[in-house]
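Protein chains: 2
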Amino acid sequence: MKTNLILHAGPPVLWDHMCGPLRGAVIGALIYEELASTPQEAEDIITNDDIQFAPCHELGAVGPMTGVISSSMPTFLVKNETNGNISYSNLNEGLGKVLRFGAFNEDVIRNLKWMEKVLGPSLSAAIRQSEGIDLNIILQKALHMGDECHNRNVATTSLFTRLILPNLLRTNIERTELQEVSAFLAENDHFFLNLSMAACKVTMDATHGIDNCTVVTALSRNGTEFGIRVSTLGDEWFTCPAPIIEGLYFPGYGAKDANPDIGDSSITETRGLGGFAMAAAPAIVSFVGGIPADAIAYTKEMMEITESTDSSFTIPSLGFEGIPVGINLLKVLDAGILPIINTGIAHREPGIGQIGAGIVRAPLECFKKALVKLSQSI
Amino acid sequence: MKTNLILHAGPPVLWDHMCGPLRGAVIGALIYEELASTPQEAEDIITNDDIQFAPCHELGAVGPMTGVISSSMPTFLVKNETNGNISYSNLNEGLGKVLRFGAFNEDVIRNLKWMEKVLGPSLSAAIRQSEGIDLNIILQKALHMGDECHNRNVATTSLFTRLILPNLLRTNIERTELQEVSAFLAENDHFFLNLSMAACKVTMDATHGIDNCTVVTALSRNGTEFGIRVSTLGDEWFTCPAPIIEGLYFPGYGAKDANPDIGDSSITETRGLGGFAMAAAPAIVSFVGGIPADAIAYTKEMMEITESTDSSFTIPSLGFEGIPVGINLLKVLDAGILPIINTGIAHREPGIGQIGAGIVRAPLECFKKALVKLSQSI
Chain V
21 MKTNLILHAG PPVLWDHMCG PLRGAVIGAL IYEELASTPQ EAEDIITNDD
71 IQFAPCHELG AVGPMTGVIS SSMPTFLVKN ETNGNISYSN LNEGLGKVLR
121 FGAFNEDVIR NLKWMEKVLG PSLSAAIRQS EGIDLNIILQ KALHMGDECH
171 NRNVATTSLF TRLILPNLLR TNIERTELQE VSAFLAENDH FFLNLSMAAC
221 KVTMDATHGI DNCTVVTALS RNGTEFGIRV STLGDEWFTC PAPIIEGLYF
271 PGYGAKDANP DIGDSSITET RGLGGFAMAA APAIVSFVGG IPADAIAYTK
321 EMMEITESTD SSFTIPSLGF EGIPVGINLL KVLDAGILPI INTGIAHREP
371 GIGQIGAGIV RAPLECFKKA LVKLSQSI
Chain A
21 MKTNLILHAG PPVLWDHMCG PLRGAVIGAL IYEELASTPQ EAEDIITNDD
71 IQFAPCHELG AVGPMTGVIS SSMPTFLVKN ETNGNISYSN LNEGLGKVLR
121 FGAFNEDVIR NLKWMEKVLG PSLSAAIRQS EGIDLNIILQ KALHMGDECH
171 NRNVATTSLF TRLILPNLLR TNIERTELQE VSAFLAENDH FFLNLSMAAC
221 KVTMDATHGI DNCTVVTALS RNGTEFGIRV STLGDEWFTC PAPIIEGLYF
271 PGYGAKDANP DIGDSSITET RGLGGFAMAA APAIVSFVGG IPADAIAYTK
321 EMMEITESTD SSFTIPSLGF EGIPVGINLL KVLDAGILPI INTGIAHREP
371 GIGQIGAGIV RAPLECFKKA LVKLSQSI
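Sequences listed follow chains V and A, in order. Position one of the first sequence corresponds to residue 21 (the working numbering), numbered consecutively onward. Position one of the second sequence corresponds to residue 21 (the working numbering), numbered consecutively onward.
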């Protein structure tokens with residue numbers, strides 16, 4: 021990655037149209053990269069056109085919420101062993117004030133530096149000690165453990181941590197650093213989210229670019245616009261304004277504080293996890309709202325707009341039926357059922373962070389635009 | 021513990037009446053303790069009356085399957101912070117040929133020695149580094165992660181491992197030993213079972229010995245007899261022959277190979293986990309038999325014979341209703357509904373090990389005997 025390139029979530033967007041949290045994260049990344057020392061300096065070099073922006077998706081990457089990835093950040097590399105393609109994700113920073121929600125204070129930058137100097141190299145060494153970590157096996161087990169692998173990641177994170185720590189201990193990493201890494205993994209119940217997303221990205225990229233295939237290969241949002249990609253329609257994004265999320269807010273916050281929907285994390289729904297697999301994770305309703313029966317209803321509803329179920333990713337409470345996979349553009353429009361996404365909610369101002377979580381539907385307009393393009397290409 | 025004392029699961033039983041796997045585990049414990057060097061030597065010192073036997077339960081302890089605990093084995097100590105009482109359990113050996121299923125070959129003894137020299141001291145040092153590990157919080161979280169905390173322990177074990185490893189790294193334990201311990205915890209999805217049992221024991225012991233309280237405070241089996249204890253009826257066991265388990269057998273084995281029901285692990289059902297909490301763990305049916313709807317039905321059925329539900333141990337798929345707790349002797353007899361237990365199945369011969377898992381009901385006769393005693397004591 022070039023040092024002046026900043027990746028972000030969702031379809032393409034330039035500075036003038038970026039939402040508050042994305043601007044906050046971009047400013048944070050420029051300070052973290054030492055390209056700027058203050059928010060004003062960061063804005064100056066941006067308005068000077070010294071910084072390039074690109075969607076994560078265009079470089080085979082995904083990032084949650086603002087999805088900001090800059091050149092010094094460590095990333096995971098995930099390989100699709102069947103198809104040969106690869107994907108990337110950044111590393112999860114934990115909860116609270118974090119860059120992905122648009123926060124950029126000193127603690128945020130210090131944590132990013134620690135991730136670059138300690139966490140990234142430690143995990144890299146541990147993964148090299150292993151024979152590779154099979155992310156699909158972790159995801160499959162976690163569906164039997166109450167995760168839907170988007171907003172509940174405690175099972176995946178715990179399984180990953182159990183797998184990685186013996187490998188960490190086989191490296192030459194110093195003991196004090198191992199303590200820090202193991203404490204970080206013990207405290208962050210969402211650490212695996214970024215790996216879940218990269219695993220979904222590497223699966224869906226293998227589905228992209230197939231002639232006459234109307235499967236949706238990406239659902240993503242930059243906080244200003246929601247965008248979708250369709251297998252047969254190439255790299256074009258079909259976009260419309262990002263919707264507001266219905267959800268549960270942290271104390272002191274409400275819908276008036278909420279940024280519109282943001283993040284690449286809806287790649288999990290694109291692959292049949294997250295909102296599509298909520299039947300596997302009834303406990304999630306205490307985080308995103310609703311009752312456990314809603315969770316089951318969402319999964320069953322998504323079976324109406326998908327091509328198949330994935331028999332290797334099963335949901336025990338549905339009699340071990342597979343997750344719904346392969347959102348078909350035509351089925352969405354025919355059934356009038358929009359893909360369901362569960363998601364975090366960012367404050368609309370930069371520098372604040374997460375204020376809640378909830379449920380949102382992919383907006384109809386994106387699918388209509390894709391259909392128009394499809395009809396023109398026949 | 022005196023060096024010539026051997027604890028075992030279930031109600032009291034002497035050598036002549038011990039089942040095959042319990043005899044195997046006793047022989048293994050005597051070889052492990054270096055009180056005998058061959059199975060024949062072990063039998064000789066037993067028939068010489070040089071060895072004393074007692075139920076784990078009588079010393080505040082619990083052990084899965086044969087439940088054999090000897091004086092050199094490391095144990096967990098669990099404290100009931102509300103009531104002040106304590107309980108103990110041995111450490112889980114993993115699957116395959118293990119003492120608790122009656123195996124006693126060289127590998128079994130070597131593993132027990134490693135647990136004594138490495139695993140026990142390491143975990144002890146780690147727990148001393150921590151402020152104590154809150155077992156109830158782990159159990160509560162695991163009920164939202166597909167464990168019922170008796171035969172599914174992957175969530176509890178993963179959560180425990182994530183918690184303990186940062187503490188392990190803060191000890192002076194050598195790195196090679198930490199590697200061994202972390203690899204052992206990574207490979208054994210049932211490690212937490214013994215802690216789950218000790219947590220249930222320390223809760224149920226606080227319920228024991230209350231005047232006019234007809235709550236069942238222990239369900240347990242020694243492989244020959246099934247026994248129950250009732251709060252108001254003191255330390256007497258009400259026993260009858262242990263039943264045969266309906267279950268799924270490993271390839272090459274069947275019901276003709278099965279030992280009758282064995283183990284203290286039904287203390288989990290006594291406290292509302294295990295079979296009583298199966299609605300939280302629909303994936304368990306692939307291990308013990310049945311379909312996910314059965315799992316929900318078992319939990320609802322157990323609500324008919326219990327005093328209450330525990331609102332701090334909730335089951336998401338039942339709308340966050342609590343687990344059924346406080347098996348009431350009178351309700352069992354009045355409703356004619358017997359407590360459901362899910363359990364491992366041991367081979368009836370010593371030295372072989374686990375051959376399956378399944379479902380069993382506590383036998384009616386124990387409850388009838390307790391009622392007779394109750395009627396005499398009024």
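None of these hints come from the bench; they were simulated from the model. Hints are not guaranteed to be accurate.
Heads up, the list lumps identical chains together, so a pair's fine if it works in one copy or across two of them.
As the list claims (entries may be wrong) - DSS-like, lysine-lysine: derived pairs with alpha carbons at most 27 Å apart:
hint: 1; residue 1: LYS99; residue 2: LYS117
hint: 2; residue 1: LYS99; residue 2: LYS276
hint: 3; residue 1: LYS161; residue 2: LYS117
hint: 4; residue 1: LYS320; residue 2: LYS161
hint: 5; residue 1: LYS351; residue 2: LYS99
hint: 6; residue 1: LYS117; residue 2: LYS388
Keep in mind the model is a prediction, meaning the values are calculated, not measured.
Now for the hints, and whether the structure bears them out:
{"no.": "1", "hint": "LYS99 with LYS117", "result": "neither (31 Å within a copy, 37 Å between copies)"}
{"no.": "2", "hint": "LYS99 with LYS276", "result": "neither (41 Å within a copy, 48 Å between copies)"}
{"no.": "3", "hint": "LYS161 with LYS117", "result": "between (30 Å within a copy, 25 Å between copies)"}
{"no.": "4", "hint": "LYS320 with LYS161", "result": "both (20 Å within a copy, 26 Å between copies)"}
{"no.": "5", "hint": "LYS351 with LYS99", "result": "neither (30 Å within a copy, 57 Å between copies)"}
{"no.": "6", "hint": "LYS117 with LYS388", "result": "neither (37 Å within a copy, 61 Å between copies)"}
Of the hints listed earlier, those the structure fails to meet are numbers 1, 2, 5, 6, in rising order.
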